[in-house]
Amino acid sequence: MLRGRFGDTTGRPYFEGRLGFPRLGVFGDISFLMDTGADCSVLMPMDAKRLGVDYGKLTATAEACGVGGISKHFIEQAVVAFTDPGICLHIYNVVFRIASPSPDIDATPSLLMRDIIDRWAVSYDKSDTGLTASIISSDIKIPVKKQGGK
Amino acid sequence: MGQMTADDALRYLGGDAGAVDAELREFSDAAKVLSSDHPRMIDAYPLQWVGVYRGRVAASAQTLSSLMNQLENEGIPPEKAIVRFIDKNERTLIL
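Which chain is which? The protein sequence lines are A and B, in order. Position 121 of the first sequence, counted from 1, bears residue number 123 in my numbering, the numbering being contiguous throughout. Position 2 of the second sequence, counted from 1, bears residue number 1111 in my numbering, the numbering being contiguous throughout.
It should be emphasised that the hints constitute simulated quantities derived from the structure, not laboratory data. Cβ atoms here follow ideal geometry from the backbone N, Cα and C, with glycine treated the same way. Treat the hints with care, as some may be off.
To be verified - Some chain A residues close to chain B (C-beta under 7 Å, calculated; not the full set):
id: 1; residue: Thr-38
id: 2; residue: Ala-83
id: 3; residue: Lys-128
id: 4; residue: Asp-130
Unchecked claim - Mimicking BS3-like on lysine-lysine, the simulated pairs with C-alpha atoms at most 30 Å apart in a straight line are:
id: 5; chain 1: B; residue 1: Lys-1189; chain 2: A; residue 2: Lys-51
id: 6; chain 1: A; residue 1: Lys-128; chain 2: B; residue 2: Lys-1141
id: 7; chain 1: A; residue 1: Lys-74; chain 2: A; residue 2: Lys-59
id: 8; chain 1: B; residue 1: Lys-1197; chain 2: A; residue 2: Lys-128
id: 9; chain 1: A; residue 1: Lys-51; chain 2: A; residue 2: Lys-143
Said to hold, decoys possible - Just a sample of chain A residues kept apart from chain B, beta carbon distances all over 10 Å, derived:
id: 10; residue: Val-69
id: 11; residue: Asp-117
id: 12; residue: Asp-120
id: 13; residue: Val-124
id: 14; residue: Ser-136
id: 15; residue: Ile-144
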């Protein structure tokens, strides 16, 4: 069972995951905003900077249409892991969009889209049990060895 | 990309499964601390970028670049710190 959270101030739904870009050689932990309204996951500039993404190495691009109009993103193969705490890592091999730096989105959270969420059964209950997800499928499952004493 | 092995995936994610699990749980806990303490953050760090690591505010700055520099100077890996801009009036997002 994956455990997400609702932001206390905004109420936005988040799942934390570890994201890596094999070709770029960078990885890091991301608070992903769960967004069922879009087709692929997006790494936003704030998190790209944290991970140390070198925009000079990004080449493949694609357009996307949103409420603000058409935007261009970079495309990069990625691996992303979510943990069923203390039990198992669930890993997905997916294509990520990487948004170009812009003052308009400099504090916007990275987005977790349906390419991964479609493979979960999500329970969204702000009043009681919170935000959780049961895994329907993942590309790679790796058991977590229990640490001594924990 | 061809078939990825578990070892490949862990290499790209920066560690063994136990380490990734532990670090993600720590990161999630830090996110909750930042979120639940937001009213105090607004008072203490208005219109600033803050970096939270292992349950405490490790750095604050007026720009994201300055914050990144501070974290690195403190020996804190930015990719494992929660980073947020503390805004009194949270922007409405339609994504």
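Chain B versus A:Val-69 - minimum CB to CB distance exceeding 10 Å, so not interface: violated (5 Å)
Is it the case that A:Asp-117 keeps its Cβ farther than 10 Å from each residue Cβ in chain B? With a cut-off of 10 Å, A:Asp-117 remains clear of chain B, as the shortest Cβ separation is near 15 Å.
Are A:Ala-83 and chain B close enough, Cβ to Cβ, to be under 7 Å, as the hint says? holds (5 Å)
Hint consistency between B:Lys-1189 and A:Lys-51 [alpha-carbon to alpha-carbon, up to 30 Å]: holds (12 Å)
Would the non-interface assignment of A:Val-124 survive a Cβ cutoff of 10 Å against chain B? holds (17 Å)
Under the criterion that the straight-line Cα-Cα distance not exceed 30 Å, is the pair B:Lys-1197, A:Lys-128 satisfied? With a Cα-Cα distance of about 23 Å, the restraint between B:Lys-1197 and A:Lys-128 holds, given a limit of 30 Å.
Can A:Thr-38 be said to touch chain B, with a Cβ gap under 7 Å? violated (10 Å)
For A:Ser-136, is the shortest beta carbon distance to chain B beyond 10 Å? holds (18 Å)
A:Lys-51 and A:Lys-143: Cα distance at most 30 Å? holds (29 Å)
Decide if the proposed pair is consistent with the structure: A:Lys-128 and B:Lys-1141, CA atoms, cutoff 30 Å inclusive. Distance of about 15 Å is within 30 Å: holds.
Residue hint A:Asp-130, partner chain B, criterion CB-CB below 7 Å: Violated, about 17 Å.
A:Ile-144 remote from chain B - nearest C-beta pair above 10 Å: violated (5 Å)
Checked against the numbered hints listed earlier, the structure breaks hints 1, 3, 4, 10 and 15; every other hint is satisfied.
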